[in-house]
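Go ahead and model the full structure; you've got the sequences and the hints to work with.
For the record, the sequence lines run as chains R and G.
The opening position of the first sequence corresponds to residue 19 in the working numbering, with each subsequent residue numbered one higher.
The opening position of the second sequence corresponds to residue 338 in the working numbering, with each subsequent residue numbered one higher.
If you're looking for bench data, these hints aren't it; they were derived computationally from the structure.
A portion of the hints provided could be inaccurate.
Rough simulated footprint, nothing fancy, chain G against chain R, three-plus residues with beta-carbon under 8 Å [unchecked claim]:
#, stretch
1, 283-295
2, 304-316
3, 331-345
4, 390-399
5, 424-438
6, 476-488
Derived contacts from chain G toward chain R, CB cut-off under 10 Å, selection only [as the list claims (entries may be wrong)]:
#, residue
7, Leu599
8, Ala692
9, Leu703
By construction, the Cβ of each residue, glycine as well, lies at the ideal position given by its N, Cα and C atoms.
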Amino acid sequence: MAVFWLIGIVLALAAAGLVLGRARALACVGGDARGLHSRPVYHGWTVAVAVLGPVGLVLTFWLLVQPLYVGAVVSAMLGDSADPRGLLLAEVRRAAEGLEAAVETGVIPAALAEDARADAAEITRRLKAAGQVVTSDLTAPVLRAAQRTLALNASGDRAMAGVVLAVALAGLVLALRRIAPAFRARPVVERDLRALLIAAASIAVLTTLGIVLSLVFNTVGFFRLYPAAEFFTGLDWAPSFSGRGGASDLGVLPLLWGTLYISVVALAVAVPIGLFAAIYLSEYAAPRFRALAKPLLEVLAGIPTIVYGLFALLTVGPLLMRVFGEAGLGWMQSGTAVITAGLVMGIMLIPFVSSLSDDIISAVPQALRDGSYGLGATRSETIRQVVLPAALPGIVGAILLAASRAIGETMIVVLGAGAAARLSLNPFEAMTTVTAKIVSQLTGDADFASPEALVAFALGMTLFVLTLGLNVVALVIVRRYREHYE
Amino acid sequence: MTDMNPDKARRSASLHRPDARTRRRNAAEKRFRACGLAAILLGLFFLLVLVATILRNGAPAFTRTVLEIELTLSPAQVDAAEAEVFKTRAYAQLFIAALQDQLETRGLDVAFDAGALERIVGQPGGTIRAHFQANPGQIGEPVVFELAASSRVDGYFNGRVSRATLQDSRFLQASDLDLVDALADAGILRRAFNLTFLTGADSGVDNPGGAGIGAALVGSVYMMFVVLALALPIGIAASIHLEEFAPKNRVTDLIEVTISNLAAVPSIVFGILGLAVFIQVLHLPQSAPLVGGLVLTLMTLPTIIISTRAALKAVPPSVRDAALGVGASQMQAVFHHVLPLAMPGILTGTIIGLAQALGETAPLLLIGMVGFVARGYPEGVVAGFTEPNSAMPAQIYTWAARADAGFYDKAWGGIIVLLVFLLTMNLIAILLRRRFERRW
Numbered sequence: 019m020a021v022f023w024l025i026g027i028v029l030a031l032a033a034a035g036l037v038l039g040r041a042r043a044l045a046c047v048g049g050d051a052r053g054l055h056s057r058p059v060y061h062g063w064t065v066a067v068a069v070l071g072p073v074g075l076v077l078t079f080w081l082l083v084q085p086l087y088v089g090a091v092v093s094a095m096l097g098d099s100a101d102p103r104g105l106l107l108a109e110v111r112r113a114a115e116g117l118e119a120a121v122e123t124g125v126i127p128a129a130l131a132e133d134a135r136a137d138a139a140e141i142t143r144r145l146k147a148a149g150q151v152v153t154s155d156l157t158a159p160v161l162r163a164a165q166r167t168l169a170l171n172a173s174g175d176r177a178m179a180g181v182v183l184a185v186a187l188a189g190l191v192l193a194l195r196r197i198a199p200a201f202r203a204r205p206v207v208e209r210d211l212r213a214l215l216i217a218a219a220s221i222a223v224l225t226t227l228g229i230v231l232s233l234v235f236n237t238v239g240f241f242r243l244y245p246a247a248e249f250f251t252g253l254d255w256a257p258s259f260s261g262r263g264g265a266s267d268l269g270v271l272p273l274l275w276g277t278l279y280i281s282v283v284a285l286a287v288a289v290p291i292g293l294f295a296a297i298y299l300s301e302y303a304a305p306r307f308r309a310l311a312k313p314l315l316e317v318l319a320g321i322p323t324i325v326y327g328l329f330a331l332l333t334v335g336p337l338l339m340r341v342f343g344e345a346g347l348g349w350m351q352s353g354t355a356v357i358t359a360g361l362v363m364g365i366m367l368i369p370f371v372s373s374l375s376d377d378i379i380s381a382v383p384q385a386l387r388d389g390s391y392g393l394g395a396t397r398s399e400t401i402r403q404v405v406l407p408a409a410l411p412g413i414v415g416a417i418l419l420a421a422s423r424a425i426g427e428t429m430i431v432v433l434g435a436g437a438a439a440r441l442s443l444n445p446f447e448a449m450t451t452v453t454a455k456i457v458s459q460l461t462g463d464a465d466f467a468s469p470e471a472l473v474a475f476a477l478g479m480t481l482f483v484l485t486l487g488l489n490v491v492a493l494v495i496v497r498r499y500r501e502h503y504e
Numbered sequence: 338m339t340d341m342n343p344d345k346a347r348r349s350a351s352l353h354r355p356d357a358r359t360r361r362r363n364a365a366e367k368r369f370r371a372c373g374l375a376a377i378l379l380g381l382f383f384l385l386v387l388v389a390t391i392l393r394n395g396a397p398a399f400t401r402t403v404l405e406i407e408l409t410l411s412p413a414q415v416d417a418a419e420a421e422v423f424k425t426r427a428y429a430q431l432f433i434a435a436l437q438d439q440l441e442t443r444g445l446d447v448a449f450d451a452g453a454l455e456r457i458v459g460q461p462g463g464t465i466r467a468h469f470q471a472n473p474g475q476i477g478e479p480v481v482f483e484l485a486a487s488s489r490v491d492g493y494f495n496g497r498v499s500r501a502t503l504q505d506s507r508f509l510q511a512s513d514l515d516l517v518d519a520l521a522d523a524g525i526l527r528r529a530f531n532l533t534f535l536t537g538a539d540s541g542v543d544n545p546g547g548a549g550i551g552a553a554l555v556g557s558v559y560m561m562f563v564v565l566a567l568a569l570p571i572g573i574a575a576s577i578h579l580e581e582f583a584p585k586n587r588v589t590d591l592i593e594v595t596i597s598n599l600a601a602v603p604s605i606v607f608g609i610l611g612l613a614v615f616i617q618v619l620h621l622p623q624s625a626p627l628v629g630g631l632v633l634t635l636m637t638l639p640t641i642i643i644s645t646r647a648a649l650k651a652v653p654p655s656v657r658d659a660a661l662g663v664g665a666s667q668m669q670a671v672f673h674h675v676l677p678l679a680m681p682g683i684l685t686g687t688i689i690g691l692a693q694a695l696g697e698t699a700p701l702l703l704i705g706m707v708g709f710v711a712r713g714y715p716e717g718v719v720a721g722f723t724e725p726n727s728a729m730p731a732q733i734y735t736w737a738a739r740a741d742a743g744f745y746d747k748a749w750g751g752i753i754v755l756l757v758f759l760l761t762m763n764l765i766a767i768l769l770r771r772r773f774e775r776r777w
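See the structure below:
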């Protein structure tokens, strides 16, 4: 909340700077803008930038460093005896948050919350009465650490507010004094704007970096607790629910098998339908039919995956049960199975295959077709023997992209494929996938230091590498093919 | 011309009568073409089935079974009830008396007790007492009460529960259905529009009737604000840099490659990123729409950048050249001339990116925005960003994962609400494109 107001004040200062700078620029040439090097509004912007730029840097730096500093002080206070350090620190943080909320709502007077000799049991009782800490009793060292955290944070916030306001005012005054008729305000503003544009463009790189780092760090942490060899070669997936300890079997192979099996079923549905649809749309369909059918097919790709998940769970599953279940052929135990998820995912993937293939088939030069027709081939012969071979690399690329979608798809398999990890060839059995297990291991009250939670990051890493590889191969194939004809 | 065809007999045949091989080839052609058409029709058939399923299963969520009764309480009755120890039970008895009255005037004779009534409409006494305490002026006047029936009765009305499948339980007994039928015949028990579904919050696992999507909808809207406020300016800035200013070098190549790769990264990986960076490292509040919005921003940014660049590219170079020719700087040419002309295209792409973000579920589950968090509305405008909330798709997932089939109706209904939003956004995008698109 304090930061919120601080940012508000700084923004107001910047706005004032914009107006003041503009007015000052005009004033120093007696109201005749022609005497200025740059238009008055650029002078105003230099002032606003001089306020916002440094403040932005200071604020970001401070907000990143303060928690680190407080964390270091507190863990020094707790000493080396702290067994699992992360857990104790988390407890301190929870206690601090609870105390803060309790003081805010007036359950505990501020003096008592800050009192270094306050009785831990007394405060625990009051916090529990206020519904703040429900998990465990506060021990005296944790309470002291929490109080110290609060005190440090409070003084840190005060110092931050002071520094930020000082920097903002200094920027305002200095920038205002810089304004003169010959001051080249426009190039200055444009240079800063350029920097902002570059920063925005590099967010994509930062995101990728963030993904890779967060996956790598946590995966390494997981492999410290659980042998990597067993993760990659283990044939069993049986995480223990009770807590930490080596009782879990966390082999990735059953999950990979489920993922690949469901993806293959999905592609077996999507590729023939999508490919034939693409051929018809690009080679046979009248323009009006094409203009109607293509967007309608693409609606399938725009429907949220949760809808497909529900469709699989509540409609397709029961439908398949009626045919293949105990009442029918007796092959299926429950509605959630590989075939259910695969079928529904296949429907979702149809437009991915058809739209991309359509573009690629349309890009095959007309001269190839004309040559084939000239030799007396029918349309279908031309398509099968000339157009498709020419478009094949692109189509393979499209299928690979669809495959990477299928592997990364989450909601359909969470709802439609079941929860049991098994290595089986029977498509009517329930299996589970990498994505479904990431969800199940990370939702709920996961303790992020346990291998059962950390395994999700290793699974995420597997998924990331797998899809990235497929995408890169697909893009390379598509790009090479395009260059070939253009 | 050299005679290439050794088959003399075929040459002698009339061109009007195709020979066997031609017929075969033509048949293959027809089959191939039919396969293509069948594929498209199959795809459209799937779409139709999907839409029909959603509409058919989702419609019941928007109505509920209510017991409508007109109640007139005299001041003496109210005073007597207030004097009792169990006040709500006294009110319930007044209610039962009134109900019996109404049934008799309609000539229906069904025996029922307080227990059966409780299984059908819960405990109406509290509702009635609360109403008269809030509006004391209405004592003595006829007041129409609409009391929501229990979810089993609701299921009986929309066909989920039938006499054959009903097992006697503390929720509903087969004998109660006679009373339900009688009340329905009398017009006292009927279907009415369910406003609670649109405005309410998630209910407990045993109360599907009271569940609503309103709170999750608010969460979704907050997230969309965050996404719009961040993704639009960042996307435009990044696109302008890449399209107008970036030098052709390795850094630019790196940025371009990462953007096209990010566009294909599975959404759940962004959820892992959000969990690890925003929650574990930066300690932003868990389950908050702010964090959800940040994650979805990163996820939709590539889409928005790609479409924004296409829109910028579509503005002809002559516009830039003319601006530069009359003395504008490069920045001025871009910001004063190119950007406004590209804006309709940019907005169209942004809205489509937002629609994609609105339907996303998996990353939200990882950062804790699961459905059962959405227990109420945020307490203020600012708190809406940081207080735990859910989003529509995550709420739908939570309902779908519950054991009580009563929640499935809600999940389908939630999908209708979600799709209405998506449809509206896409329509706005199409209209924008139609209205402002310029062909150069």
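Checked hints:
no.: 1; hint: 283-295; result: holds (count 6)
no.: 2; hint: 304-316; result: holds (count 3)
no.: 3; hint: 331-345; result: holds (count 3)
no.: 4; hint: 390-399; result: holds (count 4)
no.: 5; hint: 424-438; result: holds (count 7)
no.: 6; hint: 476-488; result: holds (count 5)
no.: 7; hint: Leu599; result: 6 Å, holds
no.: 8; hint: Ala692; result: 7 Å, holds
no.: 9; hint: Leu703; result: 5 Å, holds
Going down the numbered hints, you'll see the structure goes against none, and every one checks out.
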